[in-house]
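Let's have the full structure, built from the sequences with the hints guiding it.
With the numbering used here applied, the sequence shown corresponds to residues 6 to 107, in that order.
Source of the hints: derived by calculation from the structure; they are not laboratory data. Given the structure is predicted, the values throughout are model-derived calculations rather than measurements. Quick reminder that beta carbons are idealized off the backbone N, C-alpha and C, glycines included. Take the hints with a grain of salt, since some may be wrong.
[Unchecked claim] What follows is a list of derived Cβ distance ranges for each label pair:
no., residue 1, residue 2, range
1, GLU90, GLU21, 55 to 61 Å
2, LEU81, PHE26, 38 to 44 Å
3, GLU83, GLU55, 34 to 40 Å
4, LEU18, ARG77, 31 to 37 Å
5, PHE86, GLU21, 46 to 52 Å
6, LEU41, SER20, 31 to 37 Å
7, GLU83, LYS48, 47 to 53 Å
8, GLU92, VAL54, 53 to 59 Å
9, ILE85, MET16, 40 to 46 Å
10, ASP29, THR61, 17 to 23 Å
11, GLY78, LEU57, 24 to 30 Å
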Amino acid sequence: RDLNMDAGKRMKLSSELVHEFINDVELTINEEFPALSTVKLVKSTRIKVEILKQYTYLSTIYSNRVKLGEYRGTQLVEDIFDALEKENGHLLMPDDVRKQVQ
6 RDLNMDAGKR MKLSSELVHE FINDVELTIN EEFPALSTVK LVKSTRIKVE ILKQYTYLST
66 IYSNRVKLGE YRGTQLVEDI FDALEKENGH LLMPDDVRKQ VQ
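Have a look at this one:
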């Protein structure tokens, strides 16, 4: 909760995480075939990154902003189809589509 309210703490945490993630990169160079060289994160850091990815995904998908947009989008589509189903709804369609429907 402190992170929500304190931009300085958020910035410090972000900075520390980025620093850790960069420092935990392992580069293995293949001298014979450089294109086969590998880059990976230390296992413990890779786990942290995956946890943060999951948290970010879930907190974004289930945020009230996304849910409100999803609800409004659903309502909009329903309203459009309701309007199209009415007696003169076909008049709302583009000319080429209207010809196919009639």
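Right, here's what the structure says about each hint:
no., hint, verdict
1, GLU90 <-> GLU21: 55 to 61 Å, "holds, 56 Å"
2, LEU81 <-> PHE26: 38 to 44 Å, "holds, 40 Å"
3, GLU83 <-> GLU55: 34 to 40 Å, "holds, 38 Å"
4, LEU18 <-> ARG77: 31 to 37 Å, "holds, 33 Å"
5, PHE86 <-> GLU21: 46 to 52 Å, "holds, 50 Å"
6, LEU41 <-> SER20: 31 to 37 Å, "holds, 34 Å"
7, GLU83 <-> LYS48: 47 to 53 Å, "holds, 48 Å"
8, GLU92 <-> VAL54: 53 to 59 Å, "holds, 57 Å"
9, ILE85 <-> MET16: 40 to 46 Å, "holds, 44 Å"
10, ASP29 <-> THR61: 17 to 23 Å, "holds, 19 Å"
11, GLY78 <-> LEU57: 24 to 30 Å, "holds, 28 Å"
Going through the hint list in order, the structure satisfies each hint without exception.
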